[in-house]
Amino acid sequence: MKKEKMKLKENEIPVREGIFVFPKDENDTPHLIGGKCLDCGDICFPKRILCDACESEEPLEEVLIGEKGVLNTYTVVRLGYPNFDLPYIMAIVTLPESDDLHAVAQLEDCEPEEVRIGMQLAITTGKIKTDFSTGKDVIAYKYRPARD
Amino acid sequence: MRDVAVIGVDMTQFGRYEDKSIEELAVTPVIGALKDAGIQWKAVEAAYVGHEYQGLAAGQRILAGVGASGIPITNIENACSAGATAFREAYLMIALGMYDIVLALGCEKMDRGLIQQLPDDTWRTLGTDLIPSQFALIARWHMEKYGTTREQFAKVAVKAHRNGVLNPYAQYRKEETVEEVLDSRMISDPITLLMCCPTGDGAAAAILCSMEKAGQFTTNPVKVAASALNSMIYTEGIGTQNFGSCIPSAQSIITVSAREAYEQAGLGPEDLDVVELHDAFATSELIHYEELDLCKAGEGGRLIDEGAVDLGGRIPVNPSGGLLAKGHPLGATGVAQIVEIVWQLRGVCGDRQVEGAKVGLAEVAGTAGVNATHILTR
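Those protein sequences? They're chains C and Z, same order as listed. Position one of the first sequence corresponds to residue 94 (the working numbering), numbered consecutively onward. Position one of the second sequence corresponds to residue 313 (the working numbering), numbered consecutively onward.
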């Protein structure tokens, strides 16, 4: 397994705050920032303000999720916004932490012909596009085939 | 609630009107619908104008062309359901007794290429909110779960173009073969270029009237038997939030909306004679068959294979050519679907007429989870 990318290089910028976190050390992986209900325990991504699964009035608590997932469905994007490197694979990843919990993500380290619905995935980070104004690589969470 | 009738309709041919402003383009079917209803503009008590990208107070700018009569004009943006939402507001105002005669107008002039969604939307930022790709994800899911094939999706586009040839209001009037659809440029696997609706310009108008007064204007009113408008039903996770109705594993708002409409009308899918549905992509039409209960889950492919949705079939879908061939000027579409259903129920559709049509359904979905369903009867 290749070592997880832990920090940004000179020519990289993060996509935005509040969606994912980088690994905290060499043994860690990136994580998605989900929301967990303090009353019923249901988890959502992205984090919402209030729980939709129950009638709790407590704001959701931040929870780190998404280390692993299973490929639910995918497409190979061949026409897209101009600052994205085409083609890329876009997928819905089913996450194990809660019922009916999914993330949409780009896949990397995977050729279109290798993709299979049901395949095991692991989270990573990588370039998703080029930033229009700075020309830098925009880094976000992605998924790749689990090889361990 | 009072019964409501549609007494006048008209639309422009969908296409490119680069030499016309939205004001010039959209006033044309208003004049046509007034003439069809046999009324003067000054008889109209309120107007609802659906559009997505036409700027501030487009309804006021457009309707100044028929006269500044001082009536309330309300602009409605509701994604691709904007036109249908305008129609619904007109319907509700009459049903609730506020007015007797109201105009619903849908209109749009569009740029070419991909529709730009919110520039700062999280999922666009991630490159995951492309509309064709969202529908491709669902199509791929359907293929995996039910064995639906690319050829079956292509057949939907072939049917749309075959019907479009028969419709003088359609943007594209050229037949395509399954091979041509499959061999056209790949946009987002399995969706090819000819499985995508085009962008374009157009406008459609309907004059609605309380049923008790409709007899003054027509001997053959078309009744609005149901009007349902729904937004996403949040089950869980990014899937349902980002894709609204699009993730079939979540509760489909299209099904919720259709069943609500069936209940209002006291009718079921077996009672429908003709359907105009939201085929923004050929793949989504096939799945909409199932969501509208025209067939069971997983049987959409069989419906297209058997020709049930063709003109002359058990339940003709999109005799107008649908969004795929007739075109999809966003805000115009919802009203244009209703215009087609009204014409079908009046029996004036010529070569694309569904014989003896008495009950029609129009369904239009929108990005981020919007769906409108109307049922009209004669």
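It cannot be assumed that every hint is accurate.
Here are some of the chain C residues that sit facing chain Z, going by a computed Cβ distance under 7 angstroms [unchecked claim]:
| hint | residue |
| --- | --- |
| 1 | Thr168 |
| 2 | Met183 |
| 3 | Ile185 |
| 4 | Pro189 |
| 5 | Val208 |
| 6 | Ile210 |
Using C-beta positions, here's what the derived DEER-type ranges look like [stated by the list, open to error]:
| hint | chain 1 | residue 1 | chain 2 | residue 2 | range |
| --- | --- | --- | --- | --- | --- |
| 7 | C | Leu179 | Z | Glu456 | 45 to 53 angstroms |
| 8 | Z | Arg497 | C | Glu148 | 46 to 54 angstroms |
| 9 | C | Gly228 | Z | Ser381 | 27 to 35 angstroms |
FYI, nobody ran anything at the bench for these hints, they're computed from the structure. Backbone N, C-alpha and C fix where the C-beta goes; we use that ideal spot for every residue, glycine too.
The hints, checked one at a time:
For threonine 168 of chain C, the interface hint holds, since its Cβ comes within 7 angstroms of a Cβ in chain Z; the closest pair sits about 4 angstroms apart. Here the hint on methionine 183 of chain C is kept, as its CB sits about 5 angstroms from the closest CB of chain Z, short of 7 angstroms. Contact between isoleucine 185 of chain C and chain Z, as hinted, is supported at the beta carbon level, the nearest pair being about 6 angstroms apart and thus within 7 angstroms. The restraint placing proline 189 of chain C at the interface with chain Z is violated, with a minimum CB-CB distance near 12 angstroms, outside the 7 angstroms limit.
Taking 7 angstroms as the C-beta cut-off, the interface hint given for valine 208 of chain C is violated, the closest approach to chain Z being about 10 angstroms. At about 5 angstroms, the closest approach between the beta carbon of isoleucine 210 of chain C and any beta carbon in chain Z falls short of 7 angstroms, and the interface hint on this residue holds. In this structure the hint that leucine 179 of chain C and glutamate 456 of chain Z lie 45 to 53 angstroms apart at CB is violated, the actual value being about 24 angstroms. Taking 46 to 54 angstroms as the suggested C-beta distance range, the pair arginine 497 of chain Z and glutamate 148 of chain C conforms, at roughly 49 angstroms.
For the pair glycine 228 of chain C and serine 381 of chain Z, the supplied restraint of 27 to 35 angstroms is violated, since their beta-carbon distance comes to about 54 angstroms.
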